[in-house]
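Here the protein sequences come in this chain order: A and B. Counting the first sequence from 1 gives a position; the numbering used here is that position plus 1218. Counting the second sequence from 1 gives a position; the numbering used here is that position plus 31.
Simulated from the structure, these hints should not be mistaken for laboratory data. Predicted model, so just to flag it, every value in this text is computed and none were measured. Hints may contain errors.
[What the hints assert, rightly or not] Examples of chain A residues toward chain B, derived with CB under 7 Å:
1. Asp1309
2. Met1399
3. Met1402
4. Gly1461
Quick reminder that beta carbons are idealized off the backbone N, C-alpha and C, glycines included.
Listed below, chain by chain, are the residues.
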Amino acid sequence: MTSKDSIQEAAGRIRAGYETGTPCEPVRELLDDGDIDGAYDIQEAVTVWRLETGARLVGRKIGLTSVVVQTQLGVDQPDYGMLFDDMAVPDGEEIPLGRVLQPRVEAEVAYVLEDDLIDERPTTAQVMSAVAYASPAIEVVGSRIKDWNITILDTIADNASSGLYVLGNDKVPIEAFDGRMCGMVMENRGEPTAVGAGAACLGHPINAVRWLAEVMVARGRPLMAGDVVMSGALGPMVAVTPGEVYEARISGLGSVRAVFGA
Amino acid sequence: MATDIKKLAEIVDTAAIEATAIPQLSQSHSFTLDEAYDIQAEMINRRLVRGEVRVGMKMGFTSRAKMIQMGVDDMIWGRLTDGGVISLRDYVHPRVEPEVAFLLKKPLTGPTTPMQAMAAVEAIAPALEIIDSRYEAFKFNVQDVVADNASSTGFVIGPWCPPDTDLDNLGGIMEFNGRPVQIGSTAAILGHPGRSLAAASRMTAEEGETLEVGWIVMAGGVTEASPLSAGISVRNSVEGLGSVGFKVVE
């Protein structure tokens, strides 16, 4: 098991990445090989620091929901990170350059909950009943680790590489769109830069939320009413160019824009 | 020296009939893109002489990524005929690509807008295109692939639907034996398949052809193609349009 000192040292490195705005070295060598629990312990240490310094927990993000990406990183399950209140960006509001280190964008379905999910093994039916509505969303991922030089351990420790998230202003009941078949296109200057469909996220985005609900109970931070869940990318990630606008459209869900300052 | 259109057309046609890979034509002959379309037309003539019937046309390179990869700034097109029985033995190294197809109720010719082009559409359908390059290792430049009828080989059309669905962002899932192998959106086709249809009208007119009433136009790939092998059951589902499939045998 990775020592407490190593966990704290790794968490300190990532904290410094946030505080100085300078990416840090990877933290994987501070962990035992394949110690995913230890990586989540690092993430939790940074979460505690964020909460103690005034941030409010408003949701979660799910990452590694594509089979292709899982294979690339040599894992067989998704990962998760925390969403804090200061990570929420209104649709179309300009994101100043440097707000996120090494930003990339991906289009996702966001679910907003109206019930707590506190059972140890929640079913898909329970999860669907707990969802108030869905919205189109763009996640701005970023890495505190220099040059995105990450393994699965680094990204988990670094809050699953989360940065900011933009929710569209459409509140759509989940029965009003086809979560599996819905087309996704993200455009930049009128050109499609990423395309995909709902099935790219674990076959159906709600499957990812069910996975998360179970894991969060086990980790002691269950999903609660009001939480936003960014369920995972529906297509490839796109590297951000300063000054550009990225608009994602998800069939049946509407559209959302991430606007970047130059 | 003038390009021997007839001879090159015979080489490609024979390769298709015999399901045998050949070296790229461009390695032994130098010819322009215009001449490549002449070779294609001559090769199709050989099929028509054998009794096949012209039923439509297909678009290729309709995604920006593919154009950049091939170093070209326009799409390519090929001619669809009704010939050929689908069996793995008839192909060199077949791949399958999920697509959407248009059925025309009005002729289209010359430059047109996507809106005008869509007004000529009777119905739309999910479709699968079998593509098979007659060139070794599926390697070619743009002249080679045009001379080889844009790799066109076979196609299967699903249920025809009224053209009132907004086509710009329909999810598409292609499955092999029930497992997704390609996931994308019709937005991959130039942002909207109607743009591909408008381009089809423009590009065929440059060769003196008209898109006829009752023709099928294959608009381009919703995703990349995947290689076929025996025993696979292929299905393409397109959001709101239903699905289409076939089975691959030896």
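How the hints compare with the structure:
1. Here the hint on A/Asp1309 is broken, as its CB sits about 18 Å from the closest CB of chain B, past 7 Å.
2. With a least beta-carbon distance of about 4 Å to chain B, the hint placing A/Met1399 at the interface is held under the 7 Å criterion.
3. The restraint placing A/Met1402 at the interface with chain B holds, with a minimum CB-CB distance near 6 Å, inside the 7 Å limit.
4. Given the 7 Å rule on beta carbons, the hint for A/Gly1461 is violated: about 20 Å separates it from the nearest Cβ of chain B.
Comparing the model with each numbered hint stated earlier shows that hints 1, 4 do not hold.
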